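Engineer: Below are the chains, spelled out letter by letter.
There are 2 protein chains.
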Amino acid sequence: MPGSSAYRVCVIGLGAMGMGAAKSCVRAGLRTSGIELNPERRAELLAAGAVAAAASAGELPDCDFDGVVVLVVNGLQVRDALFGANGIARRLKPGTAVMVSSTQSADDAKAIGRDLEALGLLALDAPVSGGPVKAAAGEMTVMASGGKAAFDALRPVLDATASKVYEIGAEIGLGATVKIIHQLLAGVHIAAGAEAMALAARAGIPLDLMYDVVTHAAGNSWMFENRMKHVVDGDYAPKSAVNIFVKDLGLVTETGRALKFPLPLASTAFSMFLSAANAGHGNEDDAAVIKTFAGITLPGQEQA
Amino acid sequence: MPGSSAYRVCVIGLGAMGMGAAKSCVRAGLRTSGIELNPERRAELLAAGAVAAAASAGELPDCDFDGVVVLVVNGLQVRDALFGANGIARRLKPGTAVMVSSTQSADDAKAIGRDLEALGLLALDAPVSGGPVKAAAGEMTVMASGGKAAFDALRPVLDATASKVYEIGAEIGLGATVKIIHQLLAGVHIAAGAEAMALAARAGIPLDLMYDVVTHAAGNSWMFENRMKHVVDGDYAPKSAVNIFVKDLGLVTETGRALKFPLPLASTAFSMFLSAANAGHGNEDDAAVIKTFAGITLPGQEQA
Numbered sequence: 001m002p003g004s005s006a007y008r009v010c011v012i013g014l015g016a017m018g019m020g021a022a023k024s025c026v027r028a029g030l031r032t033s034g035i036e037l038n039p040e041r042r043a044e045l046l047a048a049g050a051v052a053a054a055a056s057a058g059e060l061p062d063c064d065f066d067g068v069v070v071l072v073v074n075g076l077q078v079r080d081a082l083f084g085a086n087g088i089a090r091r092l093k094p095g096t097a098v099m100v101s102s103t104q105s106a107d108d109a110k111a112i113g114r115d116l117e118a119l120g121l122l123a124l125d126a127p128v129s130g131g132p133v134k135a136a137a138g139e140m141t142v143m144a145s146g147g148k149a150a151f152d153a154l155r156p157v158l159d160a161t162a163s164k165v166y167e168i169g170a171e172i173g174l175g176a177t178v179k180i181i182h183q184l185l186a187g188v189h190i191a192a193g194a195e196a197m198a199l200a201a202r203a204g205i206p207l208d209l210m211y212d213v214v215t216h217a218a219g220n221s222w223m224f225e226n227r228m229k230h231v232v233d234g235d236y237a238p239k240s241a242v243n244i245f246v247k248d249l250g251l252v253t254e255t256g257r258a259l260k261f262p263l264p265l266a267s268t269a270f271s272m273f274l275s276a277a278n279a280g281h282g283n284e285d286d287a288a289v290i291k292t293f294a295g296i297t298l299p300g301q302e303q304a
Numbered sequence: 001m002p003g004s005s006a007y008r009v010c011v012i013g014l015g016a017m018g019m020g021a022a023k024s025c026v027r028a029g030l031r032t033s034g035i036e037l038n039p040e041r042r043a044e045l046l047a048a049g050a051v052a053a054a055a056s057a058g059e060l061p062d063c064d065f066d067g068v069v070v071l072v073v074n075g076l077q078v079r080d081a082l083f084g085a086n087g088i089a090r091r092l093k094p095g096t097a098v099m100v101s102s103t104q105s106a107d108d109a110k111a112i113g114r115d116l117e118a119l120g121l122l123a124l125d126a127p128v129s130g131g132p133v134k135a136a137a138g139e140m141t142v143m144a145s146g147g148k149a150a151f152d153a154l155r156p157v158l159d160a161t162a163s164k165v166y167e168i169g170a171e172i173g174l175g176a177t178v179k180i181i182h183q184l185l186a187g188v189h190i191a192a193g194a195e196a197m198a199l200a201a202r203a204g205i206p207l208d209l210m211y212d213v214v215t216h217a218a219g220n221s222w223m224f225e226n227r228m229k230h231v232v233d234g235d236y237a238p239k240s241a242v243n244i245f246v247k248d249l250g251l252v253t254e255t256g257r258a259l260k261f262p263l264p265l266a267s268t269a270f271s272m273f274l275s276a277a278n279a280g281h282g283n284e285d286d287a288a289v290i291k292t293f294a295g296i297t298l299p300g301q302e303q304a
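If you read the sequences in order, they're chains S and C.
When the letters of the first sequence are read in order and numbered with the numbering used here, they come out as residues 1 to 304.
When the letters of the second sequence are read in order and numbered with the numbering used here, they come out as residues 1 to 304.
Treat the hints as calculated values from the structure; they're not laboratory data.
These figures come from a predicted structure and were not determined experimentally.
Be a bit skeptical, because a hint or two may be false.
As the list claims (entries may be wrong) - Calculated from the model, a selection of chain S residues having no Cβ within reach of chain C, i.e. all distances over 10 Å:
id, residue
1, A43
2, L46
3, G131
4, G147
5, A186
6, A192
7, E195
8, G204
9, D212
10, D235
11, N243
12, K247
13, G256
14, P264
15, A279
16, T297
Stated by the list, open to error - Okay, the calculated bits of chain C under chain S, using three or more residues with CB under 8 Å as the criterion:
id, region
17, 46 to 55
18, 79 to 87
19, 93 to 104
20, 160 to 173
21, 207 to 219
22, 226 to 235
To be verified - Cut-off 30 Å, straight-line C-alpha distance, at most; resulting in silico cross-link-like pairs (BS3-like, lysine-lysine):
id, chain 1, residue 1, chain 2, residue 2
23, C, K239, C, K229
24, C, K229, C, K148
25, S, K239, S, K148
26, C, K260, S, K110
27, S, K148, S, K164
28, C, K110, C, K148
29, S, K239, S, K260
30, S, K164, C, K93
31, C, K260, C, K134
32, S, K229, C, K134
33, C, K148, S, K260
34, S, K229, C, K93
35, S, K93, S, K164
36, C, K164, S, K148
37, C, K164, C, K110
Glycine included, each C-beta is placed from N, C-alpha and C at the ideal position.
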């Protein structure tokens, strides 16, 4: 496919998700560039077949792209990557499509969308999920909103990086909102799993048995099955850190405030993750939210 | 199997779960009797091949059983079925094994166990899960604690009614606790699903799309997938009612109090189910907990 192989894409942010997305673009035959501060990650992408990699847009040979994917950590970094002193937005030719895939508030997504459109660029509000393994396989789930022109312009990138693309609507901000509501469930389920396993520990139920029962019954969740295994194993090496859910449940409660809508469970779970971070567990695996419960002994811990 | 076909079992309580368990016993060749107030349900069990069915133990031809299964609604009914004026316990020959499968508190389970043992009976604390469909198929999940003699004596019943038996320990009360912790997760997941779908409605996200995203992503739970379909369809005909979780999350908070253990999410979810019941939705499907959120329009509702 000469048309497809000539497609030029730039991925900004080569973290766990961005690196997977960028390599998936290379594998699909797109002319792929990357922007990333960490030189080792730039070298990794170049070794995988990217045509260019730089610490900022100004250091790239050119910014003649068909599509740009932004996969930095939060809304502040999105703004900086696009509109900061070394931002890419002003260097792009009009009509270039920019897919913003970081998790951010709907208000931030809307503001970014307006500023992109003011420069004649096409905006897609396109958060992703699936984790690093799915990203590496080119099988992310994308929940996207934006105009038809933006979807069309980014189709080769979506085809290369995602196994499932939800087209939520034309209005920028809907994609961000769907992702945030998804994170409400993910965060509450981790905290609920921790609460249940902590109660089991208190009641003298072996945690491996409790895990076995729940994962074979109607009380199971994707997060319980994935994260409470870490508790059973006493392994808090971060696959995804407590601080990520401090951020994401923060966005959830911010969304509730913006929509004047009560979120009793999400607010409670947010407090639990905040407590875990304040107790020094922010950079541990998010299953470490269980450590906010005192008076129990967990696998891998000495008697308290 | 002549030994197996001679096994005499009595199932007390022919509701959604008990009828399935009793019919599974008949199907497995056990000589099955039933105790149930509702005459239609007694007739249904007799038509299925039971040898006897009565409104109380005193009205049965005899109480010469090898095993008894109690599947009434709550701890109060368990006590009445066993030790009330027409209770079965004093009519059983010493050594008969009694499997108590209703969801009740660990303290109630322990008291029942002590009283059974005082009569020379064997006690198994054996709550079940899986729902009516699994019960009808003889594929319940049983989470049981008790002595080896009780497990051995009830093996033909367990084989007939369960596809999975978790042997949690010898101490009566552990089975009840595991079931209650399981219900903590089940109840919180229903309430969290309702909170997320309510927020989606508030934000203008089509609920069928939100359901589709979540059920294909890491935010999914067994309960979200099962119950939020009722919200998408606007169908609150009770598969399992709000009042069941008022009862079960009540047992959860009671367990937290007994163990002096904070349960922030379960307590919050309990309040949400209480609010739903107090607003008149107690006998609707438990997904109706979403109706506690004002200021939204749900599928099947007129504009509020």
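Engineer: Each hint needs a verdict: does it hold in this structure or not?
Structural biologist: Cross-check of the supplied hints:
At roughly 31 Å from the closest C-beta of chain C, the C-beta of A43 (chain S) stays outside 10 Å, upholding its exclusion from the interface. Non-interface call for L46 (chain S) relative to chain C: holds, since the shortest CB-CB distance, roughly 31 Å, exceeds 10 Å. The Cβ of G131 (chain S) sits about 7 Å from the closest Cβ of chain C, inside the 10 Å cut-off, so the non-interface label is violated. With a least beta-carbon separation of about 17 Å from chain C, G147 (chain S) lies farther than 10 Å from that chain, consistent with its non-interface assignment.
Non-interface status of A186 (chain S) relative to chain C is broken: a Cβ of that chain comes within 10 Å, the nearest being about 5 Å off. Its beta-carbon lying about 4 Å from the closest one in chain C, A192 (chain S) breaks the requirement of being farther than 10 Å from that chain. Taking the minimum C-beta to C-beta distance to chain C, about 5 Å, the non-interface status of E195 (chain S) is violated against the 10 Å cut. The non-interface label for G204 (chain S) is inconsistent with chain C: the shortest C-beta to C-beta separation is roughly 7 Å, within 10 Å.
With a minimum CB-CB distance of about 7 Å to chain C, D212 (chain S) fails to clear the 10 Å threshold, and the non-interface call is violated. Once the 10 Å rule is applied to beta carbons, D235 (chain S) is consistent with being away from chain C; the minimum gap is 19 Å. Its beta-carbon lying about 18 Å from the closest one in chain C, N243 (chain S) satisfies the requirement of being farther than 10 Å from that chain. With a cut of 10 Å on Cβ distances, K247 (chain S) stays outside the contact zone with chain C, its closest approach being about 16 Å.
Consistency note on G256 (chain S): stated as away from chain C, yet its beta-carbon is not over 10 Å from all of that chain's, at 7 Å minimum. Not every CB of chain C lies more than 10 Å from the CB of P264 (chain S), the least distance being 5 Å, so the non-interface label is violated. The Cβ of A279 (chain S) lies farther than 10 Å from every Cβ of chain C, with a closest approach of about 15 Å, so its non-interface assignment holds. Listed as outside the interface, T297 (chain S) is consistent with that label: its C-beta sits roughly 13 Å from the nearest C-beta of chain C, beyond the 10 Å cut-off.
Look at the region 46 to 55 of chain C against chain S: 0 of its residues bring a Cβ nearer than 8 Å to a Cβ of that chain, fewer than three, so the hint is violated. Three residues within the 8 Å Cβ limit are the bar, and the region 79 to 87 of chain C against chain S gives 0, so the coverage statement is violated. With 0 residues carrying a beta carbon less than 8 Å from a beta carbon of chain S, the region 93 to 104 of chain C misses the three-residue requirement, and the given coverage is violated. Three residues within the 8 Å Cβ limit are the bar, and the region 160 to 173 of chain C against chain S gives 3, so the coverage statement holds.
Closer than 8 Å: that is the beta-carbon criterion, and the region 207 to 219 of chain C has 9 residues meeting it against chain S, so the requirement of 3 holds. Given as covered by chain S, the region 226 to 235 of chain C fails the check, having 1 residues with a CB less than 8 Å from a CB of that chain where 3 are the minimum. For the suggested pair K239 (chain C) and K229 (chain C), the alpha carbons sit about 12 Å apart, so the restraint of at most 30 Å is met. With a C-alpha separation of about 42 Å, the suggested pair K229 (chain C) and K148 (chain C) falls outside the 30 Å cut-off, and the hint is violated.
At most 30 Å may separate the alpha-carbon atoms for a hinted pair to count; K239 (chain S) and K148 (chain S) exceed this at roughly 36 Å. At most 30 Å may separate the alpha-carbon atoms for a hinted pair to count; K260 (chain C) and K110 (chain S) exceed this at roughly 47 Å. Restraint check: the Cα-Cα separation between K148 (chain S) and K164 (chain S) comes to about 17 Å, which is no more than 30 Å; the hinted pair holds. For the proposed pair K110 (chain C) and K148 (chain C), the alpha carbon gap of about 17 Å is at most 30 Å, so the pair holds.
Under the criterion of a C-alpha separation no larger than 30 Å, the hint pairing K239 (chain S) with K260 (chain S) is inconsistent with the structure, at around 33 Å. Proximity of K164 (chain S) to K93 (chain C) is assessed by CA-CA distance (about 63 Å); at most 30 Å being required, the pair is judged violated. About 35 Å separates the Cα atoms of K260 (chain C) and K134 (chain C), which puts this hinted pair outside 30 Å; it is violated. Pair hint K229 (chain S) plus K134 (chain C) holds up; C-alpha atoms about 27 Å apart against a cutoff of 30 Å.
A C-alpha spacing of about 56 Å is found between K148 (chain C) and K260 (chain S), which places the hinted pair above 30 Å, so the restraint is violated. A hinted pair counts as satisfied when its Cα atoms are at most 30 Å apart, and K229 (chain S) with K93 (chain C) does not qualify at roughly 45 Å. Distance check on the hinted pair: K93 (chain S) and K164 (chain S) sit about 29 Å apart at the alpha-carbon level, within 30 Å; holds. Distance hint between K164 (chain C) and K148 (chain S) is unfulfilled; the C-alpha atoms sit about 51 Å from each other, more than 30 Å.
The hinted pair formed by K164 (chain C) and K110 (chain C) meets the criterion: a straight-line CA distance of about 23 Å does not exceed 30 Å.
Consistency note: the structure conflicts with the earlier hints numbered 3, 5, 6, 7, 8, 9, 13, 14, 17, 18, 19, 22, 24, 25, 26, 29, 30, 31, 33, 34 and 36.
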